[in-house]
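Asker: Numbered continuously in my numbering, the sequence shown closes out at residue 404.
Quick caveat, the hints were computed from the structure, so don't treat them as lab data. Since the structure is predicted, the reported quantities are computational estimates derived from the model, not experimental observations. Be aware that one or more of the hints could be misleading.
Claimed, not checked - Label pairs and their calculated CB-CB ranges: (1) PRO369 <-> LYS219: 21 to 31 Å; (2) ILE366 <-> LYS301: 52 to 62 Å; (3) PHE115 <-> THR266: 29 to 39 Å; (4) ASP223 <-> GLU152: 31 to 41 Å; (5) THR385 <-> ARG322: 28 to 38 Å; (6) ASP250 <-> GLU209: 29 to 39 Å; (7) LYS98 <-> GLY175: 43 to 53 Å; (8) GLY175 <-> GLY343: 22 to 32 Å; (9) ASN291 <-> LYS388: 44 to 54 Å; (10) ILE366 <-> ASP250: 34 to 44 Å; (11) ILE366 <-> ARG322: 20 to 30 Å; (12) THR403 <-> ARG286: 30 to 40 Å; (13) SER206 <-> LEU391: 47 to 57 Å.
The beta-carbon is built from N, C-alpha and C at its ideal position, and this holds for glycine as well.
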Amino acid sequence: MTFLNPAILLGLLAASVPIIIHLFNRRKLEIVEFSTLKFLKELQKTKIKRIKLKQIILLILRVLIIVFLVFAFARPAIKSINSSYGSSSSKSTGVLILDDSPSMAIIEGRGSKFSKAKHLMKSIMNFYQDGDDIIIYYASEPDRNYKFNTPEQAINFFSKKSVSEKPANLLECLKKASDILKRSSNINKEIFLLSDLQKDNLNSVDSISAYFNSEGINFYITDFENSQKVNYSLNSISINNRIFELNKEISINVAAKGNTGDRVLSLFINKSRAAQKRIEFENGNRISEDFTVTLKETGLLQIHASLEEDDFDYDNSFYEAISIPEIINVGLIYNDIEEITFIKSALEVEEGKSIKTTTI
């Protein structure tokens with residue numbers, strides 16, 4: 045036999061209380077005999093036997109009540125005799141909710157919050173054994189869960205997980221976890237929530253914890269609390285030009301936001317650095333910077349703006365794309381040739397380079 049809560053067995057010490065009280069009540073008192081009472085001795089002997097019997101029965105009942113209460117809270121479980129079952133008949137169902145939202149990518153100390161959360165999940169797996177029900181939810185996809193029957197399978201699965209770009213929906217995950225545990229017939233029912241508990245995700249942790257406790261579900265929260273971190277982010281890239289030509293300059297505007305301080309902002313075109321500036325941030329205000337670059341390639345060009353690394357790299361880059369034609373086709377439609385004389389002359393300067401004119 046095993047006990048699910050062996051620490052409660054210390055309560056068996058309380059079973060000695062009725063015995064101690066009984067012994068105190070049995071203290072031998074000084075007997076003073078009176079001649080007038082001697083005739084009652086025979087009656088006393090018979091009565092006292094009955095009283096002692098009642099006291100012993102009451103003592104046994106009191107001790108048993110305490111012992112049974114302690115055993116009830118210790119939750120005894122009998123191991124299966126049939127070896128084909130392989131493990132204790134008291135199975136567990138554990139639901140682990142891993143917050144994989146972008147905020148978990150923030151670097152703290154030697155690693156991100158997300159890597160620390162996964163490391164903690166590996167430690168939690170030590171409390172489960174083969175045959176237990178292990179269900180994993182990722183906070184970014186509350187409508188989907190992953191079920192495993194061995195800790196090793198679960199570890200191999202979530203070890204490969206990376207941070208998602210989707211926001212977390214912790215409340216919906218908790219609702220789904222609650223439904224699963226209510227349907228479970230296993231004795232142990234547990235929920236582990238590993239998150240940084242962003243305000244937009246979960247507001248009433250205390251009430252949620254109280255609800256699960258009332259349902260007989262053990263609820264554990266690991267809060268990877270947000271501390272003040274250095275973060276700079278890029279918000280947009282906009283191209284100020286409308287016509288793009290090879291070997292011509294274009295103007296690119298980059299908007300950014302961040303803590304007070306300075307950061308290097310780089311602009312890349314097709315992965316080649318085209319420009320770089322050191323920009324100043326102040327009090328989290330939004331700023332914008334203009335870059336002027338010369339287009340040296342034709343075709344589809346990827347424009348990539350990037351800030352140097354900080355504690356949260358997920359918002360340090362922004363992308364845009366433009367298409368540069370090898371030849372710009374220009375059609376001149378006229379009724380009278382004199383109407384297009386000046387325009388045609390101007391275009392002929394670039395004729396054969398990047399502009400091809402057609403008159404109709």
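Asker: With reference to the structure, classify each hint as holding or not holding.
Answerer: Hints, verified against the model:
no. : hint                          : in the structure
1   : PRO369 <-> LYS219: 21 to 31 Å : 54 Å, violated
2   : ILE366 <-> LYS301: 52 to 62 Å : 24 Å, violated
3   : PHE115 <-> THR266: 29 to 39 Å : 32 Å, holds
4   : ASP223 <-> GLU152: 31 to 41 Å : 33 Å, holds
5   : THR385 <-> ARG322: 28 to 38 Å : 51 Å, violated
6   : ASP250 <-> GLU209: 29 to 39 Å : 31 Å, holds
7   : LYS98 <-> GLY175: 43 to 53 Å  : 50 Å, holds
8   : GLY175 <-> GLY343: 22 to 32 Å : 59 Å, violated
9   : ASN291 <-> LYS388: 44 to 54 Å : 23 Å, violated
10  : ILE366 <-> ASP250: 34 to 44 Å : 52 Å, violated
11  : ILE366 <-> ARG322: 20 to 30 Å : 26 Å, holds
12  : THR403 <-> ARG286: 30 to 40 Å : 24 Å, violated
13  : SER206 <-> LEU391: 47 to 57 Å : 53 Å, holds
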